[in-house]
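Chemist: The task is to assemble the complex, starting from two chains supplied on their own in separate frames and drawing on the hints.
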Amino acid sequence: NAGVMQNPRHLVRRRGQEARLRCSPMKGHSHVYWYRQLPEEGLKFMVYLQKENIIDESGMPKERFSAEFPKEGPSILRIQQVVRGDSAAYFCASSPQGALSTEAFFGQGTRLTVV
Amino acid sequence: AQTVTQSQPEMSVQEAETVTLSCTYDTSESDYYLFWYKQPPSRQMILVIRQEAYKQQNATENRFSVNFQKAAKSFSLKISDSQLGDAAMYFCAYRVYTGANSKLTFGKGITLSVRP
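Residue numbers (this note's numbering), protein chains in the order written: chain L, 747 to 861; chain Y, 2 to 117.
If you are wondering where the hints come from, they were derived from the structure by calculation, not from laboratory data.
Keep in mind that this is a model prediction, so the values were computed, not measured.
For each residue, glycine too, the CB sits at the ideal point set by N, CA and C.
Derived pair list, reagent style DSS-like, types lysine-lysine, alpha-carbon separation capped at 30 Å:
1. Y:Lys-109 - L:Lys-808
2. L:Lys-817 - L:Lys-790
3. L:Lys-808 - L:Lys-790
4. Y:Lys-71 - L:Lys-790
5. L:Lys-773 - L:Lys-797
6. L:Lys-817 - L:Lys-773
7. Y:Lys-109 - Y:Lys-56
8. L:Lys-790 - Y:Lys-109
9. L:Lys-790 - Y:Lys-56
10. Y:Lys-56 - Y:Lys-79
11. Y:Lys-109 - Y:Lys-74
12. Y:Lys-74 - L:Lys-790
13. Y:Lys-109 - Y:Lys-79
14. Y:Lys-109 - Y:Lys-71
15. L:Lys-817 - L:Lys-797
16. L:Lys-790 - L:Lys-773
17. L:Lys-790 - Y:Lys-79
18. Y:Lys-56 - Y:Lys-74
Some residues of chain L that are not near chain Y, with every Cβ distance over 10 Å (derived):
19. Gly-762
20. Gln-763
21. Pro-807
22. Lys-817
23. Glu-818
24. Val-829
25. Gly-831
26. Thr-859
27. Val-860
Pulled out of the complex, with its shape left as it was, chain Y reads as follows (with noise of 0.2 Å):
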């Protein structure tokens, strides 16, 4: 079975620094697709970013980055320049790439707060 692990429930970050999420995973698959996911207080989950396994650069988005270590099976969020907006749960996730399989599996998740 997939599991994914967030093992920091809570983070703090002054304004305009830079802050770094982890998230581990367990799988036995190869092709495989990492997420993480914004939770602001209003409920609505949004893709901050997509890792795809196959492919070796991290992805990047804007002030957002991942470090993949796929032999550590570990998946990263870098937030550079954080802003008060960036404030909320935030939730790594995994997706096997199988038809049958394509739900995703969710961490715990990590509540960031942001000082100003």
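Chain L with its partners taken away, still in its complex shape (with noise of 0.2 Å):
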């Protein structure tokens, strides 16, 4: 059972491009988690996704960041018109349905560098 994987693991865009990082949850997972980590920082959360469905973005910055979670295929973090202070690592979690006391399985992260 391959374990949370997302990719790249490392992504350099140009000030004002576009990046996008995926995450292929767990097998048999519908929750997604996206978490930013700044240098020296914990991680922050960003948005909790089911599949098809945002369930809390109340960490996602309000302007030129974007989640999909859909029902084939991996959930996408996307990051339009980037800016260097959005160079960071970006963790995926995923976690089975209902199973609320378990734990977040993460990915090994992506590190989104701006130059």
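Modeler: What follows is the structure, encoded as structure tokens:
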């Protein structure tokens, strides 16, 4: 059973370009969370999605950021018109449906560098 | 709003010794979970230990144990017989037991170094 898969592991974008980060949850998991980790900081919650639904996006910046988790395929975190301040590690975590007592399983993250 | 505080940015321990990492949290909820995650240089987030708030007994996983003080909202991690591989960042995290708010809230982390 493969773990949470994130790709790419490293992504370099120039200012103004778009960044697309992908997350494939563990098999059987229908809950996906995205977190951002700035240097020397803890992980900050961004968005919580279930299949085809955004449940909680209270941590998402109001502009340029969007996320989706379609019925088929991975979850996508999209950042439009990236700026230097978007440089960070972005982590995805998944958990099974209804299993709130279990921990979330994390991917290895995507390190985004904006140049 | 829930907050998690790790006031010590760094700690160091001699190999084979014991170290305790501190964490406090703030919540008005009664049902929740607390976690310690380890993040080595590879950046992979690894669950170390989990504690359910309704359980009075402190969780233990091999060399790792917690001191959970619910009234004080304190959740410290004790690492016994420290090993070089324990060197990493450690994050304390909190999770409410409700569907729409099931996100993890993390502290800022503590960097643990292990001296040979």
